[in-house]
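Number of protein chains: 2
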Amino acid sequence: MTDKYKEAGVDIDAGIRAVELMKAAVRSTFTPQVLADVGSFGGLFALTDLPPQPVLVASTDGVGTKVKLAAELGRWKGIGHDLVNHCINDILVQNARPLFFLDYIAAARLEPEAVAAAVTGVAEACKAAGCALIGGETAEMPGVYTENAFDMAGTVIGLVDRDALLPQLAEMTVNDAIIGLPSSGPHTNGYSLIRQAIAGRDLEMVLEDGQTLAGALLAPHRCYLSAIDILQQSGFTVKGMAHITGGGIIENLPRILPGHLSARVVTKSWETPPVFRRLVAWSGMNFMEAFRVLNMGIGMVLIVDTAAAEPILDLLPEAIVIGRLVERKNGEAIQLIA
Amino acid sequence: MTDKYKEAGVDIDAGIRAVELMKAAVRSTFTPQVLADVGSFGGLFALTDLPPQPVLVASTDGVGTKVKLAAELGRWKGIGHDLVNHCINDILVQNARPLFFLDYIAAARLEPEAVAAAVTGVAEACKAAGCALIGGETAEMPGVYTENAFDMAGTVIGLVDRDALLPQLAEMTVNDAIIGLPSSGPHTNGYSLIRQAIAGRDLEMVLEDGQTLAGALLAPHRCYLSAIDILQQSGFTVKGMAHITGGGIIENLPRILPGHLSARVVTKSWETPPVFRRLVAWSGMNFMEAFRVLNMGIGMVLIVDTAAAEPILDLLPEAIVIGRLVERKNGEAIQLIA
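Residue numbers (our numbering), protein chains in the order written: chain U, 654 to 991; chain F, 654 to 991.
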């Protein structure tokens, strides 16, 4: 690696320092179950303290064209958080807890400092979730990626007992509360449309909530692991969870409902954050398109018993009751009330 | 998805048929341990029949710029085999057996038939290895990938008992045999250089072994799982294995050796396949460069007791003794004898 960068006139010492910091960040994620150190072969993870019916839950995902915006602004670290948190949320909805993570980063030409920043972001997010970063690959692919663009993908492996798997469709009934947990921004969805909507606009403009447009658009994807841990450790039963990703609440919430129930969601229950209002206005999306392309301020949805709703709001001040389950009529799995 | 392709004038019916075939191929990989069907959330894999000290071994990798050549020639399926077999070999060297796999495919614009062919290749290779394909992601990333290029990455999760982990450094001694297993071609390494070396040449030219140049360069990465299964099930002890990937035998074989031993490899032990001789001649690489950039015909290397070498050659007719372990002098971990 060193020779190649020397030829290209890159500051090798800065690159080496960045890589050392990255390696330290990766090592800081290691739990006692990790058997191999950075740079060995495949990552080794000892399975201990298994539940009676252990089930591994695995998910691979990328962060979409948010990487393009991050590359343009040179903000790599947040993308690492996006990648990890998106993947963890994806398995959290099945009630799995993350064990370990692996990442893949590729570009036409890898800048060592950019890679180190991105991987450090991955490591930080893993560490925050108690998830070991046990492997990864970086690839230089001239001719495959456009100049200054890169892509990242990640894989999380989590664990759950078979009896604890969610959703528990048989437990859901009419009047169950639909609780929303706020997103931190568009997370990792809708960025091809977002990039069109912001073309030619000032990314440093300040929005009504005091964030810059760039800051609002690059805010890392929120991880909902700690919120769900708090709920469950306090004895609350979550019957189902939907991670609001591509397809929005319109496509993701119906995926966790039984055929006889429908989600009645009142969108005025929460205040749509300024960045979403701007994006909708600039792009000319209609109401339904907006809730299909963007999360519109709600990143995770929980189904709980109606009696549990109030105490859950006490426990999680950010949580909002956004609707309830009703009998399904006309085959509609979700009704959005403006 | 359908609307988008309709607008672009794509043959939707052909695309749908391709996707249905792909889904059938994916389902055909499912073992009884797979709990979820295609299209659900994260893939679910029940852990059963665990060894006393179960260790998960995980590896993420891509296939390098071989994807560029495959895209140019429209041969997608083989790349799926490359991806899976590369990853399985990577964990096989630690003596792990694959449980399941997840893939990631991204391009500026995804052609449904190309994606279906690539994923079908992934599924075929998984099925051949008894490995379930339980998840994956396809992403359209305009502006990130160049036109007509795509990238694929994959993650394999395997299992091994802690006591069976390889390499077993303490067991290796002077005179242990180094056995090579043939590669099927350059596998997935050296393709940026290979693409330069073949620029302007006729890809349909026929090589001395009857293969076309294109055929030799796109031959899927070999999976060594069945060969190692045969050896171990016949009672042979493998002390260490090295998968000859990026860095060649020069960088990969030393990774599995104890500090006091060196690998003495006689490169005339095997016949270098025609495609490698051509690539070396066209690119002007010297001897050492060739064995660092390319596998030169040997894709997997095993360290075994010297007494086991002959019976192993009887069991695996393709296997070749390519050298032996010697006392390490001058700090050299590998000596290549021309």
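Check the hints yourself; a few may be wrong.
All copies of an identical chain are treated as equivalent in the list; a pair is satisfied when it fits inside any one copy or across any two copies.
As the list claims (entries may be wrong) - Mimicking SDA-like on lysine to any residue, the simulated pairs with C-alpha atoms at most 25 Å apart in a straight line are:
#1 K676 with T898
#2 K676 with G888
#3 K780 with P835
#4 K982 with F940
#5 K676 with R908
#6 K730 with A867
#7 K730 with A761
#8 K921 with R728
#9 K780 with H913
#10 K730 with A699
#11 K730 with F940
#12 K676 with G900
Treat the hints as calculated values from the structure; they're not laboratory data.
Hints broken by the structure, by number, lowest first? Per hint list: 2, 8, 9, 10 and 11 violated.
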